[in-house]
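Starting from the structure of chain A, add chain B where the hints point.
Protein chains: 2
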Amino acid sequence: MSNIPLLNINYLVIMEKNVATNIFWQDGFVTREDRNRLLRQTGLTIWFTGLSGSGKTTLAIALEQELLSQGIASYRLDGDNMRFGINKNLGFSLEDRRENIRRVGEVSKVLADASIIALSSFISPYRDDRDSVRALHDSAGLGFLEVHVDCALETAESRDPKGLYKKARSGEIKNFTGIDDPYEKPINADIHLRSDKMTVAQEVLIVMTHLRQNDLLSPKSIPCEEGQKISD
Amino acid sequence: MSNIPLLNINYLVIMEKNVATNIFWQDGFVTREDRNRLLRQTGLTIWFTGLSGSGKTTLAIALEQELLSQGIASYRLDGDNMRFGINKNLGFSLEDRRENIRRVGEVSKVLADASIIALSSFISPYRDDRDSVRALHDSAGLGFLEVHVDCALETAESRDPKGLYKKARSGEIKNFTGIDDPYEKPINADIHLRSDKMTVAQEVLIVMTHLRQNDLLSPKSIPCEEGQKISD
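Chains as they are written, first to last, in the working numbering: chain A, 1 to 232; chain B, 1 to 232.
Treat each hint with caution, since some may be false.
[Claimed, not checked] Label pairs and their in silico Cβ distance ranges:
1. B/A140 - A/K162: 35 to 45 Å
2. A/L94 - B/E95: 16 to 26 Å
3. B/E184 - A/F29: 27 to 37 Å
[As the list claims (entries may be wrong)] Computed footprint of chain A on chain B, listed as stretches where at least three residues anywhere in the stretch have a Cβ under 8 Å from a Cβ of chain A:
4. 31-42
5. 59-68
6. 102-113
[Said to hold, decoys possible] As a list, the in silico SDA-like pairs of lysine to any residue whose alpha-carbon atoms are at most 20 Å apart:
7. B/K88 - A/S139
8. A/K88 - B/D138
9. B/K185 - B/E157
Honestly, the hints are just simulated from the structure, not real lab data. Heads up, the beta-carbon is just placed ideally off N, CA and C, and yes, glycines get one too.
So here's chain A without its partners, still in its complex pose (with noise of 0.2 Å):
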């Protein structure tokens, strides 16, 4: 073991003064400020939005490396880990698929109010779904950016990563995005990124560029480090 003390000295000196210490504690509540101090930036989350194929994951899992370089924290989530864990017991249906929508919303919301950047990839076709995590993080408080991974069908069809094209085109798969069920393209996305026209490493310069100039990543409170040097 370590010599980092057991308990914050305060805490001792009440225990021998044996107060009942609920009052006490129940009075300061660690707040979001406090998290961002300790993690040192502001949670948020970063939602990628696009076809099968379009290259969400793809984006997503770059800018997680390129996030842990600079010392920031992040976490994926994707239809691969959130399907087989929170929502293994929803389907494909309408209903299933907005349900999926919403609860990774508020798992992405969580962990934003952690301190964490979410990294948040999901066709989410329905332009209403994706408002309504945003109007979530919003009445939070909490940094929401849509980044539109944006590519041509024919494009996203012929990479086809996980054959899913091919079975929605035979008919093996119904309701399949951009086949035979819509993609409602964002108006005002944070972010528009043409996937298929620029490569990843544009793409992650575009959105780590958009969080410095935006100034989403820091904690307002912290002063500056000796030898920073703060512009604006």
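Using the frame of chain A, we list chain B on its own:
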């Protein structure tokens, strides 16, 4: 803006060479160990189970403050925030209560996997449900601590912080744990606290001692810091 570089230099080099980068990035997923190292802690779930009014949330709030004061990031989940969020479409039927715990177990797991200490306070009266949440963590190689916040029914009922026992006795609420629905006490809780016989400070000390003695907080791969003594 600070003088932090917008992109790690590796990516810029790749961009200049105009190389397709998908494969490069897909090769190097960020791992849980990477996240643990970044936050200098290992995520786990501490699950508080006990009667309504037994002091689960009071303890979680005190522990959250103690962890913060030691520089450890945690996040509290309880009925009050989950029932208005991810579980807002659930009622109180047996089926819905079990689904409530299942989903909350999944959210706890996401937080723990993101290297955060999840502090989850739920009556969670059924042993099967708690064991499922533990199994979920076990199978993912994530830590799970079951803390039984054990309080005599008479004491919990006399506190009745939300006025729920009164409603249960009058029949206004049905299937209330401890009144007309069973509480299945843990058989092998990791920590058993008699919350009606000790102060919150004592409870916090017991939990913190358990965490430190079992070395549950520090990532295993972090080298000792100067001046830090490692025994065992």
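Hints and how they fare:
no., hint, result
1, B/A140 - A/K162: 35 to 45 Å, "violated, 23 Å"
2, A/L94 - B/E95: 16 to 26 Å, "holds, 23 Å"
3, B/E184 - A/F29: 27 to 37 Å, "holds, 31 Å"
4, 31-42, "holds (count 4)"
5, 59-68, "holds (count 6)"
6, 102-113, "holds (count 7)"
7, B/K88 - A/S139, "holds, 16 Å"
8, A/K88 - B/D138, "holds, 18 Å"
9, B/K185 - B/E157, "holds, 17 Å"
The structure shown violates just one earlier hint, number 1.
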